[in-house]
Amino acid sequence: MRFEVNGEELETTAEPGQVLRTLLREHEHYEVKKGCDAGDCGACSVLVDEQPVHSCIYPAHRLEGKSVTTVAGLGTPEAPHPLQQAFVDGAGLQCGFCTAGMVVTASTFTEDDLDDLPRKLKGNICRCTGYRAIRDAIQGVTNVETAAAGDAAGRSVKAPAGMRVVTGREQYTLDFTTPTKLLHLAVLKSPHASARILSLDTSRAEAMEGVHVVFTHRDSPATLFSTGRHEDRNDDPDDTLVMDPVIRFRGQRVAAVVADTVRIAELALREIDVEYEVLDAVFDPHEARLPGAHLVHGEKGPESRISEPGRNVVAQLHGWHGDVDTALAEAHAVVEGTWQTQRVSHAALETHATRGWIDDDGRLVLRTSTQVPFLIRDEIAHIFGLPQDRVRVFAARVGGGFGGKQELLTEDLVTMAVLRTGRTVQYEYTRDDEFTIATVRHPMTVKVTAAADSDGLLTALAVDQLMDTGAYGNHGIGVMFHSVGESMAVYRAPNKRVDAESVYTNNPPSGAFRGYGLGQVIFAVESAMDELARKLDIDPFEFRRRNVIVSGGHLTVVDPLDAEDLLFGSYGLDQCIDLVENALNSPPPADSGSLTGETPVPVGDEWAIGTGVSVAMIATAPPRGHFADTTVELNADGTYSIGVGTAEFGNGTTTVHTQLTATVLETTPDRIVVRQSDTDVARYDTGAYGSAGVVVAGKALHAAATKLKAAILERVPGTLTADGVLVGDRLVTPAELLAGGPLVADGSHNGTPRSVAFNVHAFRVAVDTTTGEVRILRSIQAADAGTVLNPEQLRGQIEGGTAQAIGTALYEEVLLDGAGTVTTPAFRSYRVPRFADIPVTEVHFASTHDDTGVLGAKSMSEAPYNPVAPALANAIRDAIGVRPFELPMSRDRIWRLLHG
Amino acid sequence: MDLVGVTQITVPRTRGDVVLSAGVRPLGGGSWLFSEQQPEVTGLVDLMALGWEPVVETPDTLTIAATCLIRELTEIPLRPEWPAQELVRLCADSLLMSFKIWNMATVGGNVCTALPAGAMTSLLAGLDAVAVIWDAEGGERRAAVAEFVTGVRTTAMGPEEFLRSIEIPVKSLEARVAFRRIALSNLGRSGTLVIGRQDADGAVVVTVTASTPAPVQLRFDGVPTAAELAHALDGIDVWYDDPHGAPDWREAVSRLYAEQIRVELSAGGAA
Numbered sequence: 004m005r006f007e008v009n010g011e012e013l014e015t016t017a018e019p020g021q022v023l024r025t026l027l028r029e030h031e032h033y034e035v036k037k038g039c040d041a042g043d044c045g046a047c048s049v050l051v052d053e054q055p056v057h058s059c060i061y062p063a064h065r066l067e068g069k070s071v072t073t074v075a076g077l078g079t080p081e082a083p084h085p086l087q088q089a090f091v092d093g094a095g096l097q098c099g100f101c102t103a104g105m106v107v108t109a110s111t112f113t114e115d116d117l118d119d120l121p122r123k124l125k126g127n128i129c130r131c132t133g134y135r136a137i138r139d140a141i142q143g144v145t146n147v148e149t150a151a152a153g154d155a156a157g158r159s160v161k162a163p164a165g166m167r168v169v170t171g172r173e174q175y176t177l178d179f180t181t182p183t184k185l186l187h188l189a190v191l192k193s194p195h196a197s198a199r200i201l202s203l204d205t206s207r208a209e210a211m212e213g214v215h216v217v218f219t220h221r222d223s224p225a226t227l228f229s230t231g232r233h234e235d236r237n238d239d240p241d242d243t244l245v246m247d248p249v250i251r252f253r254g255q256r257v258a259a260v261v262a263d264t265v266r267i268a269e270l271a272l273r274e275i276d277v278e279y280e281v282l283d284a285v286f287d288p289h290e291a292r293l294p295g296a297h298l299v300h301g302e303k304g305p306e307s308r309i310s311e312p313g314r315n316v317v318a319q320l321h322g323w324h325g326d327v328d329t330a331l332a333e334a335h336a337v338v339e340g341t342w343q344t345q346r347v348s349h350a351a352l353e354t355h356a357t358r359g360w361i362d363d364d365g366r367l368v369l370r371t372s373t374q375v376p377f378l379i380r381d382e383i384a385h386i387f388g389l390p391q392d393r394v395r396v397f398a399a400r401v402g403g404g405f406g407g408k409q410e411l412l413t414e415d416l417v418t419m420a421v422l423r424t425g426r427t428v429q430y431e432y433t434r435d436d437e438f439t440i441a442t443v444r445h446p447m448t449v450k451v452t453a454a455a456d457s458d459g460l461l462t463a464l465a466v467d468q469l470m471d472t473g474a475y476g477n478h479g480i481g482v483m484f485h486s487v488g489e490s491m492a493v494y495r496a497p498n499k500r501v502d503a504e505s506v507y508t509n510n511p512p513s514g515a516f517r518g519y520g521l522g523q524v525i526f527a528v529e530s531a532m533d534e535l536a537r538k539l540d541i542d543p544f545e546f547r548r549r550n551v552i553v554s555g556g557h558l559t560v561v562d563p564l565d566a567e568d569l570l571f572g573s574y575g576l577d578q579c580i581d582l583v584e585n586a587l588n589s590p591p592p593a594d595s596g597s598l599t600g601e602t603p604v605p606v607g608d609e610w611a612i613g614t615g616v617s618v619a620m621i622a623t624a625p626p627r628g629h630f631a632d633t634t635v636e637l638n639a640d641g642t643y644s645i646g647v648g649t650a651e652f653g654n655g656t657t658t659v660h661t662q663l664t665a666t667v668l669e670t671t672p673d674r675i676v677v678r679q680s681d682t683d684v685a686r687y688d689t690g691a692y693g694s695a696g697v698v699v700a701g702k703a704l705h706a707a708a709t710k711l712k713a714a715i716l717e718r719v720p721g722t723l724t725a726d727g728v729l730v731g732d733r734l735v736t737p738a739e740l741l742a743g744g745p746l747v748a749d750g751s752h753n754g755t756p757r758s759v760a761f762n763v764h765a766f767r768v769a770v771d772t773t774t775g776e777v778r779i780l781r782s783i784q785a786a787d788a789g790t791v792l793n794p795e796q797l798r799g800q801i802e803g804g805t806a807q808a809i810g811t812a813l814y815e816e817v818l819l820d821g822a823g824t825v826t827t828p829a830f831r832s833y834r835v836p837r838f839a840d841i842p843v844t845e846v847h848f849a850s851t852h853d854d855t856g857v858l859g860a861k862s863m864s865e866a867p868y869n870p871v872a873p874a875l876a877n878a879i880r881d882a883i884g885v886r887p888f889e890l891p892m893s894r895d896r897i898w899r900l901l902h903g
Numbered sequence: 000m001d002l003v004g005v006t007q008i009t010v011p012r013t014r015g016d017v018v019l020s021a022g023v024r025p026l027g028g029g030s031w032l033f034s035e036q037q038p039e040v041t042g043l044v045d046l047m048a049l050g051w052e053p054v055v056e057t058p059d060t061l062t063i064a065a066t067c068l069i070r071e072l073t074e075i076p077l078r079p080e081w082p083a084q085e086l087v088r089l090c091a092d093s094l095l096m097s098f099k100i101w102n103m104a105t106v107g108g109n110v111c112t113a114l115p116a117g118a119m120t121s122l123l124a125g126l127d128a129v130a131v132i133w134d135a136e137g138g139e140r141r142a143a144v145a146e147f148v149t150g151v152r153t154t155a156m157g158p159e160e161f162l163r164s165i166e167i168p169v170k171s172l173e174a175r176v177a178f179r180r181i182a183l184s185n186l187g188r189s190g191t192l193v194i195g196r197q198d199a200d201g202a203v204v205v206t207v208t209a210s211t212p213a214p215v216q217l218r219f220d221g222v223p224t225a226a227e228l229a230h231a232l233d234g235i236d237v238w239y240d241d242p243h244g245a246p247d248w249r250e251a252v253s254r255l256y257a258e259q260i261r262v263e264l265s266a267g268g269a270a
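Chains as they are written, first to last, in the numbering used here: chain W, 4 to 903; chain V, 0 to 270.
No lab work stands behind these hints, which were simulated from the structure alone. Treat the hints with care, since some could be wrong.
Here are the simulated lysine to any residue pairs, SDA-like style, with alpha carbons at most 25 Å apart [to be verified]:
id: 1; chain 1: W; residue 1: Lys184; chain 2: W; residue 2: His215
id: 2; chain 1: W; residue 1: Lys192; chain 2: V; residue 2: Glu71
id: 3; chain 1: W; residue 1: Lys69; chain 2: W; residue 2: Glu14
id: 4; chain 1: W; residue 1: Lys450; chain 2: W; residue 2: Leu539
id: 5; chain 1: W; residue 1: Lys69; chain 2: V; residue 2: Pro242
id: 6; chain 1: W; residue 1: Lys69; chain 2: V; residue 2: Gln7
id: 7; chain 1: W; residue 1: Lys712; chain 2: W; residue 2: Arg158
id: 8; chain 1: W; residue 1: Lys712; chain 2: W; residue 2: Thr736
id: 9; chain 1: W; residue 1: Lys69; chain 2: V; residue 2: Glu52
id: 10; chain 1: W; residue 1: Lys184; chain 2: W; residue 2: Glu333
id: 11; chain 1: W; residue 1: Lys69; chain 2: V; residue 2: Arg175
id: 12; chain 1: W; residue 1: Lys192; chain 2: V; residue 2: Pro38
id: 13; chain 1: W; residue 1: Lys303; chain 2: W; residue 2: Trp323
id: 14; chain 1: W; residue 1: Lys450; chain 2: W; residue 2: Glu333
id: 15; chain 1: W; residue 1: Lys192; chain 2: W; residue 2: Asp435
id: 16; chain 1: W; residue 1: Lys303; chain 2: V; residue 2: Thr6
id: 17; chain 1: W; residue 1: Lys69; chain 2: V; residue 2: Val44
id: 18; chain 1: W; residue 1: Lys69; chain 2: V; residue 2: Thr6
id: 19; chain 1: W; residue 1: Lys450; chain 2: W; residue 2: Arg395
id: 20; chain 1: W; residue 1: Lys712; chain 2: W; residue 2: Ala151
id: 21; chain 1: W; residue 1: Lys192; chain 2: V; residue 2: Val54
Computed from a prediction, not measured in an experiment: that's the story for all the values here.
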C-alpha cells in the first residue's frame with residue numbers, strides 16, 4: 004500500500020483492522036496524538052485528501068493513493084502555518100495535547116465558520132483552557148507579549164514550548180523511537196468487583212508467537228505500597244500490591260502479557276484461563292461502615308496505616324472547638340442539609356503511559372506521564388528493592404494531569420517487565436482504562452449544619468463528611484484531611500465541629516483531583532451559607548463579608564491552637580468579594596456571556612433568572628513538606644540552563660520559571676534553557692502537585708538565580724546584562740566569564756511556611772424550568788494570586804479551572820451500575836465540556852503581595868476550580884427557588900427538582 | 000482504535016463478494032465500528048468499495064445508498080418544493096459526532112448501528128423512509144426504517160443480510176415539518192428528538208426517537224388536539240434510560256416538544 008504523508012510517499016502494509024492513527028505513529032508521525040482512540044476527542048485529527056478526519060477511526064486499508072496531512076505537514080517552527088503562529092500568539096494551548104488536532108481542524112475553516120465555532124469544534128476536546136484562548140487563536144487575537152531583558156516577571160510571555168507544540172514537534176511521553184525493539188504490555192482485568200483468584204492458566208498465552216512473558220500475582224513483589232504519592236510515603240496507606248490474588252474492584256489487574264505488539268498482547272489475554280471465587284462486596288460507603296459489611300482490607304495490619312480496617316475506614320477525623328450544640332440551640336437561624344458529589348474523571352487528554360528500559364549503565368529508566376518523577380523513582384526503588392541511584396525516572400511534556408498523575412499506575416508493571424525481560428517495554432492506558440481503572444475524584448456526602456445570630460454572624464459550623472475512597476486508599480487520607488481544612492477555616496465561627504471518614508468500598512479507586520477534596524466540601528458549605536444568608540435576608544456578598552476570615556485571624560478548622568505552618572502572607576479575599584460584586588452589578592463587558600460574542604438573555608415565561616456567589620480559600624502549597632532543589636548555570640553562548648524537577652503538563656510553571664530566572668539574571672526568557680522533570684537533571688523535587696510549581700520550585704530557582712548573579716558579579720564586578728557583564732563601557736562576554744571555571748548555583752526551598760490564596764466566583768444564569776437547561780449568562784471570577792507573574796497564563800488557569808468545574812457542576816459523572824462496573828467508559832457517555840458548553844469567564848485579580856511567595860506570587864492552579872460549583876448551585880437556587888443538593892446539576896436533575 | 004480480533008478485511012468488487020456471518024460484519028464508514036472494541040468481529044466486508052451511487056432520484060423517492068456519507072446527504076441542494084429537507088441538516092447537527100465524522104460516517108451505518116440517538120434513524124423514520132435490505136442469495140426486501148430499528152443496537156436484519164439503501168418518499172419531503180431536540184449538554188447526544196410532519200393530505204405523524212429504545216410513531220388523520228396527542232403519548236410504555244438522560248425527564252421533554260410541534264403544525268394551516 005502506498006500513500007503520501009506530508010508530501011512524502013510511504014509504502015507500508017497495515018494489519019487487518021488497523022486504523023490510520025496507529026499506522027502513522029508506527030512511522031514516527033508522533034505529532035498524531037491518541038486522546039480517546041474512539042473518534043470522540045479530535046486529538047488525532049489529520050487531513051485525508053484535504054478532508055479533516057479522526058485518524059483513530061479511519062480504516063487504514065483505504066489509504067491506497069491517498070494524501071495525508073498532519074499538523075507537522077502544515078508548518079514548521081521556522082515556517083509555521085498562520086494558524087500555528089496564531090495558537091502561539093493567542094496562548095491557545097496549555098498542555099498542548101489537543102493542539103495538533105485543534106490546529107488541523109481549524110485549518111479547514113472558512114471565514115463563515117468563524118461564527119460557527121461551537122458546532123465546528125464539537126469534535127475537539129480541550130481539558131485545559133476553557134476554550135476562550137482557542138477562540139482567540141482561531142480568530143487571530145494576540146494575547147502574548149515579549150519582554151525586555153530583566154523585565155519578564157509580570158508579563159504575558161509565551162510558553163517556551165509553544166511553537167514546538169503547535170507544529171507537532173514537542174515530544175510527549177510516548178513520542179519517540181527507542182533504539183531497540185519495543186515490547187508492549189497489556190493487562191487482563193478482573194470481571195468481578197470482589198473475588199479471589201483460585202487458579203490461573205497462562206500456558207496457552209505464553210506459547211503464542213510473539214509473547215515474551217506473562218505475569219500474575221505469583222510474580223508480584225510482596226511489598227505493599229500506595230499508588231498515591233507524597234513527599235512522606237507514610238502519609239498514604241500501604242494497601243496495594245503490584246498484582247494481588249484478591250480482587251477488590253472490577254478492572255483490577257489479574258495478569259499482564261508482554262509481547263511484540265499490542266495486538267499480540269491483547270489477543271494473548273483472551274487465552275488466559277482464570278478461576279475466581281466471587282466474594283461478598285460492598286458498594287455503598289454508608290453501608291461499608293455498618294457491622295457485617297464486607298471488609299475490603301480486613302486482613303491488613305497496623306503496618307498498612309489504615310485507621311480501622313475492621314470498619315472499612317481508612318482515615319477519620321472527629322474534632323470540635325466550642326460547643327456547637329448549644330450554639331445551635333441559641334441560634335437565630337439554622338440551616339442543615341446534606342450534599343452529594345459525584346465521581347469525576349480527570350480526563351487529561353494524554354492517558355497514563357510509561358516506557359521503560361535499561362540504559363548503558365545498567366540502570367532502570369522510566370519515561371512516564373507523571374506529575375511526580377522523583378516520588379515515582381523513590382517508590383519504584385522501594386517496591387522492587389532497588390537502590391535509588393539505579394533508577395532514573397523522567398517525564399517529557401505531559402498531556403494534562405489535574406492530580407491524576409500524582410499516582411503510580413503504570414510504572415510498576417513496566418518495571419517488572421523490564422527487569423524480567425531486559426527489554427524496552429511500554430504500557431499505555433486506553434481511554435477506557437482512564438475511566439475504569441485510573442482514579443476519579445472522591446464522591447462525598449457532606450452534611451452541613453450552620454447557625455447564625457440575629458446580626459448575621461455565624462455562631463456554629465459543623466460538617467459531617469463521608470467519602471468513598473474505593474477499593475484502595477491511595478489519596479483517601481490526605482484528601483479527607485484537606486477537604487475539611489480551608490473549607491472550614493475560611494469562616495469565623497466560634498463553634499465548629501468536624502466529622503469526616505474515608506471509607507473503602509469495592510468501587511474503582513478514587514484519587515487526587517484538582518482541589519484535593521476541598522471542592523466537594525466547599526460545594527456543601529457555600530450552599531449552606533447561601534441558604535443561611537437567605538434565611539437571614541442578608542445579601543450573600545454582605546453575609547460573606549461579615550463572616551469570612553480576615554487577615555491576621557487564626558486559620559481554625561477545629562483546633563484554634565493548631566500550630567500548622569499556615570499563615571497570611573497576604574490577604575485579598577475582601578478585594579475578591581468587592582471585585583466580583585462590582586462586576587456583577589455593572590453592565591457586562593463586551594466579551595462576556597457565550598464565547599461566540601453574544602449574550603442571549605432568553606425570553607419567555609419558562610425562563611427563570613438568578614445569581615449566585617461562592618468564596619474559596621486554599622493553602623498555597625501542600626502541608627508536611629514540599630522540597631525543590633534547583634540549579635542555574637551560565638552557558639558560553641549567554642544562555643542559562645536551569646535544572647528543575649517540576650514537570651510541565653499545562654500548568655505553565657515552565658514559563659514562569661523562565662520568567663523568574665530571566666528577570667533575576669537581566670536576560671530574556673528565550674535565553675533560558677530548561678532541563679526539567681528528570682531525576683538526572685535536578686537534585687530533588689517533591690513534584691508538581693498542590694499547586695507547588697511556582698511557590699516552591701519557582702522560589703528555589705529564584706534563589707539559585709540570585710546566587711548565580713552574585714557569583715558572576717563576584718568574578719567580574721560590573722553590571723549584569725543579557726550579553727555579559729558591563730564593566731565601564733567594556734563588555735565581558737559569557738565565554739570570558741567562564742574562563743575562570745563554570746558558573747553554576749543551586750537554590751532550594753522547603754515549602755514552608757505556607758500562605759493562603761482566595762477565589763470568589765459569581766454566576767448569572769437563566770434556567771429553563773420546562774427542560775432543566777441552565778444557560779450561563781455571566782461568569783465572573785476574582786482571584787487573589789498575590790503578584791501576577793504572567794497575566795495571560797493566570798487568566799488561562801482560571802478559565803481552565805472554571806471550565807473543568809462547570810463540567811463537574813453541570814455535565815460530568817462517572818456512573819457505576821451499583822455493582823462496581825463503570826457505565827460511562829468513553830467521552831461519548833462522559834460529558835467533558837466542549838466549546839459550546841463554556842461561557843466567557845470575566846477574570847479579575849486582587850492586588851496583593853505575598854510575603855512567603857516568590858516575588859510576592861501565590862499559587863493558582865487548583866484554586867479556581869473550587870468556588871464554581873457552589874456559585875452555580877446558588878445561582879440556580881436563586882432562579883428556580885429550589886436548592887440543588889446533588890452534582891452534577893444536569894438538566895434531568897434540575898427538571899426533577901421542579902417537577903419530580 | 001485498532002480492532003485486534005479482525006483477521007480479514009474483504010474489499011468486494013460485486014455484490015456476490017459480500018459474504019457475511021455473525022463474526023464477519025459489513026463495514027460502512029467505520030466511524031462506529033472502529034470506535035469501540037468489537038470482540039465478536041473477526042472479519043469486515045468493506046461495502047464502500049462497491050461504489051454505490053450515493054443519491055438517486057426517482058419520481059417517487061429520493062434513494063440514499065447505505066454508503067452515502069452524511070456529508071453527501073447534507074450537500075444535496077435545498078429545493079423550495081421540499082420543505083422537509085431542512086430536517087437533513089437539523090438531524091446531522093443532532094449527531095453527537097462532529098462534521099469531521101460526516102466525512103466518514105455513512106447514512107446506512109448510522110441506521111444499522113441502531114442507537115436510540117442515531118440521528119439518521121430519526122430523520123429517516125420521521126420521513127417514513129423505507130430500508131432496502133439485501134440478502135446472501137441475491138434477494139431483496141423492504142422494511143420501514145421505523146420498524147427496521149427494533150431496539151437498542153438491534154435491527155430487523157439477519158446476520159447474512161445488509162442494508163443497500165433507504166428510499167425517502169418524495170411526498171414526505173414535500174410535507175411541512177417541525178423539529179425539537181434536547182440533550183444533557185448543548186450539542187451532546189440527543190436525550191429526545193421529536194419530529195412532526197404533516198403531509199399534503201393533512202395526515203400528521205409525530206416520530207419520537209432518542210428517548211425511546213426504538214423509533215415510536217404516532218399517526219393522526221389531521222393535527223390532533225392536545226388531549227389526543229397526550230393520549231397517544233401515554234401509549235409509549237418504555238422511556239430509554241442511559242447516561243444521556245433519565246427516563247422521567249425524557250418522557251417530560253418528549254411530551255413538551257410533541258405539544259409544541261402540535262401547536263406549530265396547527266398554526267400553519269393545511270400544507
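Against the structure, the hints come out as follows:
Distance check on the hinted pair: Lys184 of chain W and His215 of chain W sit about 13 Å apart at the alpha-carbon level, within 25 Å; holds. Distance check on the hinted pair: Lys192 of chain W and Glu71 of chain V sit about 42 Å apart at the alpha-carbon level, beyond 25 Å; violated. Straight-line distance between C-alpha atoms of Lys69 of chain W and Glu14 of chain W comes to about 12 Å, which keeps the hinted pair within the 25 Å bound. Of the pairs offered as hints, the one joining Lys450 of chain W and Leu539 of chain W holds, with about 20 Å between alpha carbons and a cut-off of 25 Å not exceeded.
Distance hint between Lys69 of chain W and Pro242 of chain V is unfulfilled; the C-alpha atoms sit about 38 Å from each other, more than 25 Å. Proximity of Lys69 of chain W to Gln7 of chain V is assessed by CA-CA distance (about 21 Å); at most 25 Å being required, the pair is judged to hold. Distance restraint check for Lys712 of chain W and Arg158 of chain W: the Cα-Cα separation of roughly 22 Å lies within the 25 Å cut-off, and the hinted pair is therefore satisfied. For the suggested pair Lys712 of chain W and Thr736 of chain W, the alpha carbons sit about 14 Å apart, so the restraint of at most 25 Å is met.
Of the pairs offered as hints, the one joining Lys69 of chain W and Glu52 of chain V holds, with about 21 Å between alpha carbons and a cut-off of 25 Å not exceeded. For the hint linking Lys184 of chain W to Glu333 of chain W, the alpha-carbon distance of about 74 Å lies beyond 25 Å, and the restraint is violated. Between Lys69 of chain W and Arg175 of chain V the alpha-carbon distance is near 42 Å, which puts this suggested pair outside the 25 Å criterion. As the CA atoms of Lys192 of chain W and Pro38 of chain V are separated by approximately 15 Å, the hinted pair is consistent with the 25 Å bound.
With a CA separation close to 30 Å, the supplied pair Lys303 of chain W and Trp323 of chain W exceeds the 25 Å bound. For the given pair, Lys450 of chain W sits about 20 Å from Glu333 of chain W by alpha-carbon distance, which is consistent with the 25 Å threshold. Restraint check for Lys192 of chain W and Asp435 of chain W: the C-alpha separation of about 12 Å stays at or below 25 Å, so the hint holds. Straight-line distance between C-alpha atoms of Lys303 of chain W and Thr6 of chain V comes to about 47 Å, which puts the hinted pair past the 25 Å bound.
Taking the CA atoms of Lys69 of chain W and Val44 of chain V, the gap is about 20 Å. The hint holds against a cut of 25 Å. This hinted pair checks out: Lys69 of chain W and Thr6 of chain V have alpha carbons roughly 23 Å apart, not beyond 25 Å. The straight-line distance between the Cα atoms of Lys450 of chain W and Arg395 of chain W is roughly 45 Å, outside the 25 Å bound, and the hint therefore fails. Annotation: proposed proximity of Lys712 of chain W to Ala151 of chain W holds, straight-line Cα distance about 18 Å (limit 25 Å).
Restraint check for Lys192 of chain W and Val54 of chain V: not satisfied, since their Cα atoms lie roughly 46 Å apart, outside the 25 Å limit.
Checked against the numbered hints above, the structure violates hints 2, 5, 10, 11, 13, 16, 19 and 21; every other hint is satisfied.
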